[in-house]
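Novice: Top to bottom, those sequences are chains D and W. The opening position of the first sequence corresponds to residue 43 in our numbering, with each subsequent residue numbered one higher. The opening position of the second sequence corresponds to residue 1027 in our numbering, with each subsequent residue numbered one higher.
For the record, the hints were derived by calculation from the structure and aren't laboratory data. Any given hint might turn out to be false.
Residues of chain D placed beyond 10 Å of chain W at every Cβ, according to the derived structure [claimed, not checked]:
id, residue
1, Val66
2, Arg87
3, Pro98
4, Thr219
5, Ser247
6, Ala284
Simulated restraints on C-beta separations [said to hold, decoys possible]:
id, chain 1, residue 1, chain 2, residue 2, range
7, D, Pro249, W, Gly1111, 49 to 57 Å
8, W, Gln1072, D, Gln192, 38 to 46 Å
9, W, Ser1133, D, Arg191, 18 to 26 Å
10, W, Asp1053, D, Ala114, 16 to 24 Å
11, D, Asp46, W, Gln1101, 20 to 28 Å
12, W, Lys1110, D, Gln111, 25 to 33 Å
13, D, Ala61, W, Gln1072, 28 to 36 Å
14, D, Thr246, W, Ala1162, 29 to 37 Å
15, W, Lys1105, D, His69, 47 to 55 Å
16, W, Pro1160, D, Thr246, 36 to 44 Å
Here chain W is said to cover these stretches of chain D; the calculated rule only asks that three of the stretch's residues, wherever they fall, bring their Cβ under 8 Å from a Cβ of chain W [to be verified]:
id, segment
17, 73-86
18, 250-259
Glycine included, each C-beta is placed from N, C-alpha and C at the ideal position.
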Amino acid sequence: MHPDDLVINDYADDRLAPAERADVERHLAGCAACRALVDDVREIRRVAGSLDGREPPVRVWTRIERAIQLEAAARAADGGARGVQLKLAAARLTSSRSIWIGLAAAAVLVLATAVGLRLLPRAARPGGTTSPPAAAMSSDAAQIEAELRQAEAHYEKAIQGLEQIANAEKGALDPQTAATLQKNLSVIDQAISESRAALRAEPTSEPAQQSLIDSFKTKMGLLQDTVALINDMRRGNEAGAARIVSGLKPKG
Amino acid sequence: MTAPKQRPVLPFPSKDTAVEPASEGMDLVARSQAGDVQAFEAIYRQHAGRLYTLACRMAGSPEDGEDLLQEIFLQAYRKLGSFKGDSTLGTWLYRLALNHCLDYVRSRHAKMSKLTDTLDTEVSHQPTARRDTPIARLDLERALERLPDGCREAFVLHDVEGFDHKEVGQLLGIAEGTSKSQVFKARAKLRALLR
């Protein structure tokens, strides 16, 4: 009889008392499967302890910096210490901030929906070996479709807000950058149209659902970068603007 | 009405051996508090990679990790006044980040517990044949993202970040034995995913 998994893992982690350890070692001497399990657990732990670090995308700092400046401007406006001009500027920034807060709230809802979309089909097909009852599948499909519609509405609302800002301020961009952004937006819009067409033909298609959500996310990210770029160029933050432009590779 | 649960004092993973003087960052902190955004950017550049890595692994996706990192540094900026130099700036930021990640996963658990309970039964723990090749780090990173909530966080805290089971239990608000079983479950799932 094999030792319990917890015991095998404790053995692999060198956590067993000498007597228990000796028992496990006697078993391992005659059991290749348990030896393989111990080796794999130790290998997983070794690799897990030496994983590489990751570098965050450039846009994260751009967003943090903007949020800090918006907060500072809002505080200054509340205190009324810097006069009418700053209050007007702060009011404009605060209005942008409310859009960002709205976007963050939408993103959280969309995230929850996207997670649901990813997990529901897996939960409905445990191990892929048995078929769930038809009624359960139908209920899951209806739930996924409802979540998709909800996510779509949130993304469209967020994208609409960003488009308004980007369109109103696009004169701040140089023509070449504006053309690249426009081309990228067209490619993403095309992907959204194709995903929608695929969903009309097959509403429960998981790849089409995921593709639509991914396209919305991409469009939102591009519009966020556009607004960040406009802000950086207005502030004369050449380094920040250059970092964003370097990430705007033509698509398609 | 029940009193809010007291958050335990967060330990720092025993495997972290980075040598950093306690006074490190005090100048940058002071300048940041005075409104010098470039000073805060220097803090960000120094620590963002480590915290982003933690956030991605705890949340299970780079997209969520990105959102968490943004929130972590905004919170850090607002709380800079509470950094007194008792620990290194890196330790202070790590604790703040870990708290934020834990709040995030707890809130997600509340929403997703039903689904993860189902997923928890998917993988067999029976011993199988040994792997022929060593595990690539990139493959393990990808497999981590496929672990269900619950066992992923316990695995990340124990096997990746280096906390012991008692500490993992404190951090996640679970018993030490539950931490063990979650970590072992994660290893079994990873073993199956990495075949």
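Novice: Run every hint past the structure and note whether it holds.
Specialist: Okay, the hints, checked on the actual structure:
| no. | hint | result |
| --- | --- | --- |
| 1 | Val66 | holds (13 Å) |
| 2 | Arg87 | violated (5 Å) |
| 3 | Pro98 | violated (4 Å) |
| 4 | Thr219 | holds (23 Å) |
| 5 | Ser247 | holds (21 Å) |
| 6 | Ala284 | holds (15 Å) |
| 7 | Pro249/D - Gly1111/W: 49 to 57 Å | holds (52 Å) |
| 8 | Gln1072/W - Gln192/D: 38 to 46 Å | holds (40 Å) |
| 9 | Ser1133/W - Arg191/D: 18 to 26 Å | holds (24 Å) |
| 10 | Asp1053/W - Ala114/D: 16 to 24 Å | holds (20 Å) |
| 11 | Asp46/D - Gln1101/W: 20 to 28 Å | violated (42 Å) |
| 12 | Lys1110/W - Gln111/D: 25 to 33 Å | holds (26 Å) |
| 13 | Ala61/D - Gln1072/W: 28 to 36 Å | violated (49 Å) |
| 14 | Thr246/D - Ala1162/W: 29 to 37 Å | holds (35 Å) |
| 15 | Lys1105/W - His69/D: 47 to 55 Å | holds (52 Å) |
| 16 | Pro1160/W - Thr246/D: 36 to 44 Å | holds (40 Å) |
| 17 | 73-86 | holds (count 12) |
| 18 | 250-259 | violated (count 1) |
Hints 2, 3, 11, 13, 18, counting from the list given before, are not met by this structure.
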